[in-house]
Amino acid sequence: MKEILRLEHIQKYYGDQGNLTKAIDDISFSVHAGEFVGIMGASGSGKTTMLNCISTIDTVSAGHIFLDGTDVTELKEKDLARFRRENLGFVFQDFHLLDTLTVSENIALALTINQVPAAQIDGKVREMAETLGITDILEKYPYQVSGGQKQRCACARAIINRPKLILADEPTGALDSHSSQMLLGTMQSMNEQLGATILMVTHDAFSASYANRILFLRDGMIFTEIRKGSDSQNVFFEKILDTLTMLGGGQMDVC
Amino acid sequence: MYAKLFRTNIRKALQDYVIYFFTLVISSTLFFAFLSLTSRYNDILGGNGNYSLTLFQDTILYAVLAISVIFLALIRYISSYMLKQRSREFSVYMILGMEQRTIAKHFFGETFLFGMAAVAAGCVFGTLLSGIVTTFVLRTITPTATFRLGFYPDTLLITGLFFGGCFLLAGLWNVRRIYKIKLMDLLNEKRTGEGQNRKMRYYIVFSLIAVLCFGMVGVVLYRFANGNSIYAGSIPEEISNRYQAAAIVAAIVGIFSLYHAAALILIVIRRRKKWKNRNINSVLLGNLFHKVSSTAKVLSISTLAITIALVAFVIFPMLAEITTGYLDYRMPYDVMIYNTYMYIDEIDDIPQIDFSFVREILQEHDVVVSEEVSQRSYFVWERDFNTVDTREYWRDLPRLAMRISDYNAMRSMAGREPVPLEENEFFLHLDYEMDLESVADSVGSGNRSIQLDDGTILKLADTAVYQDPLGTYLFHHEDSILVFPDSVCDHLHLARTCYYANTETAVPYRLCDTIRNEIAASFRSRYPYLFERYEAKYQADRHYNSFLDPIRFRTQENNDVTLTATSVRLLGIYSGIIFFILCMTVLALHLTTDSLDQQTQYRILYQLGVERKDIARMVNRQCLCYFFLPCLAAFVIALLLIDSFVIRYGHKVFTYMGSIGFQFGVWIPGILILVILAGYYGAAIYTVKRKLNQTLHPISRQKKYLHIFSINGIV
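As they're listed, the protein sequences go chains Y and U.
Quick note on my numbering: the first sequence kicks off at 1 and runs consecutively.
Quick note on my numbering: the second sequence kicks off at 1001 and runs consecutively.
Hints were generated in silico from the structure; no laboratory data involved.
There may be inaccurate statements among the hints.
[Said to hold, decoys possible] Here are the simulated SDA-like pairs of lysine to any residue, each with C-alpha atoms no more than 20 Å apart in a straight line:
#1 Y:K140 - U:R1201
#2 U:K1274 - Y:L138
#3 U:K1537 - U:R1554
#4 U:K1613 - Y:D58
#5 Y:K140 - U:K1613
#6 U:K1276 - Y:Q120
#7 U:K1689 - U:T1600
#8 U:K1276 - Y:V145
#9 U:K1273 - Y:Q120
#10 Y:K76 - U:V1369
#11 Y:K124 - U:R1278
#12 U:K1199 - Y:V145
#13 U:K1276 - Y:V116
#14 U:K1274 - Y:E3
#15 Y:K124 - U:K1276
#16 U:K1199 - Y:L138
#17 U:K1613 - Y:E77
#18 U:K1273 - Y:P117
#19 U:K1273 - Y:E3
#20 U:K1276 - Y:N161
#21 U:K1273 - Y:N114
#22 U:K1276 - Y:P117
#23 U:K1613 - Y:E86
#24 Y:K78 - U:T1695
#25 U:K1273 - Y:E127
#26 Y:K22 - Y:L247
#27 U:K1691 - Y:D58
#28 Y:K124 - U:D1549
#29 U:K1613 - Y:K22
#30 Y:K76 - U:D1549
#31 Y:K140 - U:K1199
#32 Y:K140 - U:V1268
#33 U:K1274 - Y:H32
#34 U:K1276 - Y:K76
#35 U:K1276 - Y:E77
#36 U:K1613 - Y:R82
[To be verified] One-sided excerpt, in silico: chain U residues whose CB lies under 8 Å from chain Y:
#37 K1273
#38 K1274
#39 N1279
#40 I1280
Keep in mind it's a predicted model, so treat the numbers as computed, not measured.
A virtual CB, placed ideally from N, CA and C, is assigned to each residue, including glycine.
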């Protein structure tokens, strides 16, 4: 499989010389096309900082991040927006949908900012909505639909451009267990059927069990990595719990 | 801890509501400056024998206070808006166990202190501005007046009490709201616009109403402008009032439907996928629709208030110009006495008035008459004489003529050359406000001779029409009078006798009322039969004002008209500025607080890969639409309403408004509006852009290198 993402010795420090805080301390790993990678770790372990650096929203203090061969840390300010819209898809804990747009307009937004011809937009939105089961809410506003539906709308927006990498930051954080399961099923099918490469940050062991590989962070470093391989989801879930026990510190959701 | 919270909140309010703070400063500055004109400590406006400022000061005091009631609405609206914006913060306080009473007390204290700080600053600036305003007023009376500053403790007290009262009332209302509020409601404070939940037919109905109303305004003005004007180009008061009231009501209803119609247009545009699906147009349209539909009421009220401001800016100075211009025309003499026969039933009862008693009365008060004339008017056709009972309507009055000798004497007293008239000729003297050209055309194309009751035929003179300003008293509720040779008038029946005099020294203002009363009393004693026969019969008539009324003195007219015009001009500027800045504040505040609410949206767009310049462009367009849509609508509606006044006053508008007056009336308000608009829009857009930059500001490359260097110990 082709390597999509590679992090090389990235570091991220906050503050000045007198009061330096290490958020990421020399992390390196890579993600291949079609992978569903989970990132777990306690609060303050550097998960979100790392995700922000990969998504070019934040900059690294040292090291390099390559996305499909492009070193994003060397990109100029003016090129970052284009890079993001052409290569990345985002799913956030609090959905990040625009309240003033309908669900269909929210999904279409990702296409319009990528200059997709207007005539193709409706068809693509409808097709994606059918895939994710949100056809009946397309003309509703975000505040008129449930949390699970909102997050599926966010997933549709994230994948509709077929980005090289989807970054998900605690996507189930604001959902109940039923909606979480539905969403994770959606993400899994995005990964398996649509071939999306997903990097998901989560606290939740059950959510993480949908991934194929999990990186555990601790104090800004990769503590360990586990793979699902041929294990069933339940067995993988048990493995995650064991690793979390080993990891210790911080609060984790285990169900 | 509470004290620290209090201080922090005040500081935050100053940052977030800096525009509101400045509005309060400007408002209280204007309030103080205008009210200082009525201060009893304002000895600069002490007046002298020729002037009295009592009427002016009363007008300013009550009008300023009445206009300023609008501040209460603003203060209540903004503090309520602040309350809504801080509902989340208050919910946190309540969750932590802070009592609602304490929250209410703190909020009240913060808003009160915030407001009174602005008013204190306003009083300081107001003292400076009061010098300018006082000088302006003084210049209208004494052209050589110079700039002087004064200290007005009573104005300071009234300003403090007025604004303090407004803050207190608004504060108490908010305290009551906080007391009643439920924690659950605060936590679930609705942030979405109610407009998005409305059905399509709601917008269609309001759009139809808007179209209907503005269509009606157009039709009313068209019909108003075509078909009712008289030779003076103006339209009689009763007809004007009817048409203008219809246009104003239609415009107001139209304004309140306008933004629902705008929302419908946005819905239609949103359905046009080709334009919508281009870059982030859908976000712009969504935001605009959300804003327009959910704040339609605020936008409508703002539009209405801006319209009032624009109309006030233009109409008040225009009226002031007309009034002062009219003064020069209607008071060319120091003393003018009007006489009417309207309430005399028998033609033989019309008195031949000997006005020598007026000269004597003036003499008794040391006012020496230098020149005078008793202007006699005659019935051209005696058979036309009619009474209250036989008149078809109030102004159904017979044609009158005056003597050429009286006419030339009046011209001479007004500083104009006498005009010749042959024995068998006549001409027409026309009201100054009338359109000379059209009357001359009409007279020229008609019958050029006139036959009197005794068979005498008079030809129209070569110069058929004169229009020099000789006052209005020579007309008897008409727009013109015929001028005949004296020999012809000798055979006509007298209709009325008016009196005009110039004096060697001006009649002192303080004596005007006394002299007037003495003249009226003397006339009554000299012609008692008039009062005995007709006063009891007609005194209930709303047009009845004795047989010798009005009696006017140039000193008094100059004083009253000039100061009334000045107060109208000042009040126009005051109300215009106040209404305008209040609307600008509300709109600017909505923009700036929206930018806070929309920070998340900007961040999402940025994360999705929208270029920063595209977001900035969208924000610009959004702000432009939101800010200028009410201004544009108000501008168009104000133009229509101003046009209705121009139709109403006809040639007066251009006759009395000299070039300087016109500049004062149009350019200065125009520049003032643009300055205020640019100031508020600039402040709002600066705040919005600053917030946008803060939201989209990533950690700079410079900072990254600093980190690396610091790690390596280089820095």
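Hint check results:
1. Y:K140 - U:R1201: Answer holds: K140 (chain Y) to R1201 (chain U) is near 18 Å, not above 20 Å.
2. U:K1274 - Y:L138: With Cα atoms ~18 Å apart, K1274 (chain U) and L138 (chain Y) stay inside 20 Å; holds.
3. U:K1537 - U:R1554: This hinted pair is violated, its Cα atoms lying about 33 Å apart.
4. U:K1613 - Y:D58: Distance ~19 Å between K1613 (chain U) and D58 (chain Y) Cα, so the pair holds.
5. Y:K140 - U:K1613: This hinted pair is violated, its Cα atoms lying about 29 Å apart.
6. U:K1276 - Y:Q120: Measuring from Cα to Cα gives roughly 13 Å; hence the hint holds.
7. U:K1689 - U:T1600: 14 Å, holds
8. U:K1276 - Y:V145: Violated, at about 23 Å.
9. U:K1273 - Y:Q120: 10 Å, holds
10. Y:K76 - U:V1369: With a Cα-Cα distance of about 92 Å, the restraint between K76 (chain Y) and V1369 (chain U) is violated, given a limit of 20 Å.
11. Y:K124 - U:R1278: The given pair, whose Cα atoms are some 15 Å apart, holds under the 20 Å limit.
12. U:K1199 - Y:V145: 18 Å, holds
13. U:K1276 - Y:V116: 12 Å, holds
14. U:K1274 - Y:E3: With Cα atoms ~38 Å apart, K1274 (chain U) and E3 (chain Y) exceed 20 Å; violated.
15. Y:K124 - U:K1276: 16 Å, holds
16. U:K1199 - Y:L138: Holds, because 17 Å separates the two Cα atoms, which is no more than 20 Å.
17. U:K1613 - Y:E77: Given that 20 Å is the threshold and the Cα spacing comes to 12 Å, the pair holds.
18. U:K1273 - Y:P117: 11 Å, holds
19. U:K1273 - Y:E3: 38 Å, violated
20. U:K1276 - Y:N161: Judged against 20 Å, a Cα distance of about 18 Å means the pair holds.
21. U:K1273 - Y:N114: 16 Å, holds
22. U:K1276 - Y:P117: 11 Å, holds
23. U:K1613 - Y:E86: Given that 20 Å is the threshold and the Cα spacing comes to 17 Å, the pair holds.
24. Y:K78 - U:T1695: 16 Å, holds
25. U:K1273 - Y:E127: 17 Å, holds
26. Y:K22 - Y:L247: Judged against 20 Å, a Cα distance of about 19 Å means the pair holds.
27. U:K1691 - Y:D58: 18 Å, holds
28. Y:K124 - U:D1549: 86 Å, violated
29. U:K1613 - Y:K22: 33 Å, violated
30. Y:K76 - U:D1549: 87 Å, violated
31. Y:K140 - U:K1199: Holds, at roughly 13 Å.
32. Y:K140 - U:V1268: 17 Å, holds
33. U:K1274 - Y:H32: 38 Å, violated
34. U:K1276 - Y:K76: Not OK: K1276 (chain U) and K76 (chain Y) at ~30 Å, beyond 20 Å, violated.
35. U:K1276 - Y:E77: The given pair, whose Cα atoms are some 28 Å apart, is violated under the 20 Å limit.
36. U:K1613 - Y:R82: 12 Å, holds
37. K1273: Holds, about 6 Å.
38. K1274: 5 Å, holds
39. N1279: Nearest chain Y Cβ about 6 Å off; hint holds.
40. I1280: Since chain Y brings a Cβ to about 6 Å from I1280 (chain U), closer than 8 Å, the hint holds.
When each numbered hint is compared with the structure, violations occur for hints 3, 5, 8, 10, 14, 19, 28, 29, 30, 33, 34 and 35.
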